[in-house]
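Number of protein chains: 2
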Amino acid sequence: MKRLGFVGLGVMGGPMAGHLIEAGHSVVVWNRTASKASVFADTGAEIADSLADLAEQCDVIFLCVGRSEDVEECIHAMTPSAKPGTIFVDHSTISPSVAAMLHRTLSEDGFRFIDAPITGGSMGAQSGKLTIFCGGDEATFNEVEPLMQAYGKTVAYVGPGGKGQMMKMANQIAVGGALIGLCESLAFAKRAGLDIAQTRELLSGGAAGSWAFENYGPKILDQDWTPGFSINNQVKDFGYCREVASEIGASIPMTELTECLLSELIKQGRGEETTAALFDLLARGENS
Amino acid sequence: MKRLGFVGLGVMGGPMAGHLIEAGHSVVVWNRTASKASVFADTGAEIADSLADLAEQCDVIFLCVGRSEDVEECIHAMTPSAKPGTIFVDHSTISPSVAAMLHRTLSEDGFRFIDAPITGGSMGAQSGKLTIFCGGDEATFNEVEPLMQAYGKTVAYVGPGGKGQMMKMANQIAVGGALIGLCESLAFAKRAGLDIAQTRELLSGGAAGSWAFENYGPKILDQDWTPGFSINNQVKDFGYCREVASEIGASIPMTELTECLLSELIKQGRGEETTAALFDLLARGENS
Numbered sequence: 002m003k004r005l006g007f008v009g010l011g012v013m014g015g016p017m018a019g020h021l022i023e024a025g026h027s028v029v030v031w032n033r034t035a036s037k038a039s040v041f042a043d044t045g046a047e048i049a050d051s052l053a054d055l056a057e058q059c060d061v062i063f064l065c066v067g068r069s070e071d072v073e074e075c076i077h078a079m080t081p082s083a084k085p086g087t088i089f090v091d092h093s094t095i096s097p098s099v100a101a102m103l104h105r106t107l108s109e110d111g112f113r114f115i116d117a118p119i120t121g122g123s124m125g126a127q128s129g130k131l132t133i134f135c136g137g138d139e140a141t142f143n144e145v146e147p148l149m150q151a152y153g154k155t156v157a158y159v160g161p162g163g164k165g166q167m168m169k170m171a172n173q174i175a176v177g178g179a180l181i182g183l184c185e186s187l188a189f190a191k192r193a194g195l196d197i198a199q200t201r202e203l204l205s206g207g208a209a210g211s212w213a214f215e216n217y218g219p220k221i222l223d224q225d226w227t228p229g230f231s232i233n234n235q236v237k238d239f240g241y242c243r244e245v246a247s248e249i250g251a252s253i254p255m256t257e258l259t260e261c262l263l264s265e266l267i268k269q270g271r272g273e274e275t276t277a278a279l280f281d282l283l284a285r286g287e288n289s
Numbered sequence: 002m003k004r005l006g007f008v009g010l011g012v013m014g015g016p017m018a019g020h021l022i023e024a025g026h027s028v029v030v031w032n033r034t035a036s037k038a039s040v041f042a043d044t045g046a047e048i049a050d051s052l053a054d055l056a057e058q059c060d061v062i063f064l065c066v067g068r069s070e071d072v073e074e075c076i077h078a079m080t081p082s083a084k085p086g087t088i089f090v091d092h093s094t095i096s097p098s099v100a101a102m103l104h105r106t107l108s109e110d111g112f113r114f115i116d117a118p119i120t121g122g123s124m125g126a127q128s129g130k131l132t133i134f135c136g137g138d139e140a141t142f143n144e145v146e147p148l149m150q151a152y153g154k155t156v157a158y159v160g161p162g163g164k165g166q167m168m169k170m171a172n173q174i175a176v177g178g179a180l181i182g183l184c185e186s187l188a189f190a191k192r193a194g195l196d197i198a199q200t201r202e203l204l205s206g207g208a209a210g211s212w213a214f215e216n217y218g219p220k221i222l223d224q225d226w227t228p229g230f231s232i233n234n235q236v237k238d239f240g241y242c243r244e245v246a247s248e249i250g251a252s253i254p255m256t257e258l259t260e261c262l263l264s265e266l267i268k269q270g271r272g273e274e275t276t277a278a279l280f281d282l283l284a285r286g287e288n289s
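Protein chains in written order, with our numbering: chain L, 2 to 289; chain A, 2 to 289.
Think of the hints as simulated: they come from the structure by calculation, not from any bench.
Treat the hints with care, since some could be wrong.
Where chains are identical, the list cannot tell them apart; a pair therefore holds if satisfied intra-copy or between any two copies.
[To be verified] Okay, derived cross-link-like pairs now, DSBU-like style, lysine-lysine, Cα gap no bigger than 30 Å in a straight line:
hint, residue 1, residue 2
1, K154, K191
2, K130, K191
3, K268, K84
4, K220, K130
5, K3, K37
6, K130, K154
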């Protein structure tokens with residue numbers, strides 16, 4: 002039986018590691034903030050003392066941490082003690098060029114790597130219904146795909162190393178369009194003296210309809226700015242989108258605009274609010 | 002039994018008038034291009050010789066024509082012969098300020114007016130499942146609402162005169178966001194070397210999902226630029242959005258951006274193509 006490691010037990014990683022344990026796998030966990038790992042004490046998982054300790058025991062190691070630099074740091078702490086052929090599966094959303102670099106360097110050192118960013122939010126992590134975009138060697142993907150079924154509704158192979166992150170960027174761009182469409186529309190409706198609850202309801206069912214309308218619309222009506230997906234995280238991802246777009250010559254003006262508006266909210270100290278708070282910025286006219 | 006008039010028998014108005022006839026109403030039709038009216042000869046509808054002829058026979062007159070100026074022109078041709086109390090129901094998408102002006106002047110002349118723009122496209126008109134946003138006097142709305150059920154899935158009263166057009170503008174803004182989100186995302190995916198059919202499929206089911214992804218996504222994959230909803234019509238509506246936004250102090254930067262990009266396609270002679278052709282502009286990088 003393969004021994005699995007899980008690094009990063011936050012809002013996403015915690016429930017994902019939980020699903021692996023529930024599925025009967027042998028799991029070792031580690032988290033930078035030890036208290037988040039300690040809740041796994043009576044689940045049957047082993048809590049590693051360090052990343053090096055985790056790495057030397059495991060055949061497959063999942064990561065779900067923050068930014069590119071966090072992933073690099075964790076992996077560098079594990080490679081000295083990791084077994085040859087260890088498969089690292091990174092569920093974090095990071096720079097596609099860093100992901101491509103990790104594919105290269107890990108492969109040179111005799112390890113394997115899959116970039117596997119996720120979508121579906123904390124609810125998807127809890128219910129085990131995430132969508133996972135996987136880039137890397139296809140045979141390696143086939144080895145780890147059954148493991149990811151523990152928390153994935155859709156586990157897709159999308160191409161060579163870095164393409165998983167590329168697909169996540171494409172996803173975030175489309176999310177941005179639906180978000181700004183929703184927020185601009187409802188802010189306009191409010192200014193126009195329309196009932197925004199009725200607006201949301203009427204528009205949801207037609208050509209304007211989107212996941213954002215269904216899921217963020219109610220938050221806007223309730224003025225509930227708790228995440229969901231935070232502005233800081235969205236702007237982080239948009240930064241990666243811009244970085245890639247510039248490299249590949251893609252044109253993403255709407256994404257740049259949406260990033261710019263969300264950055265205005267960060268300046269106002271609202272970075273940890275939901276991205277749907279963009280409505281509030283537009284409705285107040287503070288960006289004009 | 003009320004006698005109904007229907008003015009404008011195009012892609013939308015033609016099927017709508019057909020549904021009124023099928024529902025057993027007594028209907029008189031007129032169209033600027035007479036050949037479009039002549040197809041109604043054996044449907045039981047009467048074909049009017051002129052707008053004045055139509056107006057003098059009818060209690061309720063529906064319009065589904067082009068721009069603000071077309072609506073004004075048709076109404077001015079009808080009011081001299083129209084019966085006192087005639088209800089004009091305008092299904093065209095026009096300037097909210099022109100709609101408000103028509104409410105005022107028609108009311109002064111002893112007529113009644115409902116601004117009732119529609120969404121749902123030619124498919125919605127054919128299947129009789131349009132969404133209709135109605136502005137005006139609520140008692141007048143209640144008189145005509147049962148008639149509109151012949152082609153409306155959702156016939157909503159949204160407020161006083163002009164608010165129907167306001168709701169349509171809010172709808173078009175949200176449509177714009179979903180559209181540019183889809184096109185920017187798939188153009189990025191293409192540049193990134195991803196399979197855009199797989200991209201569309203994977204992204205449709207999650208937080209990036211929208212009506213646009215479901216309905217325009219396949220057109221983009223097939224490079225099928227036939228409308229659907231044409232770029233010229235979308236840009237016309239965005240012009241009304243900008244006009245209103247400026248009056249009410251609403252901030253619609255994404256809508257302005259999307260209008261600007263679609264206008265580039267008009268300059269290229271592609272105004273009668275589907276709005277989804279925005280993908281083609283972004284994928285070719287011609288706006289950069």
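Cross-check of the supplied hints:
no., hint, result
1, K154 x K191, "between (37 Å within a copy, 25 Å between copies)"
2, K130 x K191, "between (35 Å within a copy, 27 Å between copies)"
3, K268 x K84, "neither (45 Å within a copy, 61 Å between copies)"
4, K220 x K130, "both (22 Å within a copy, 29 Å between copies)"
5, K3 x K37, "within (24 Å within a copy, 72 Å between copies)"
6, K130 x K154, "within (4 Å within a copy, 33 Å between copies)"
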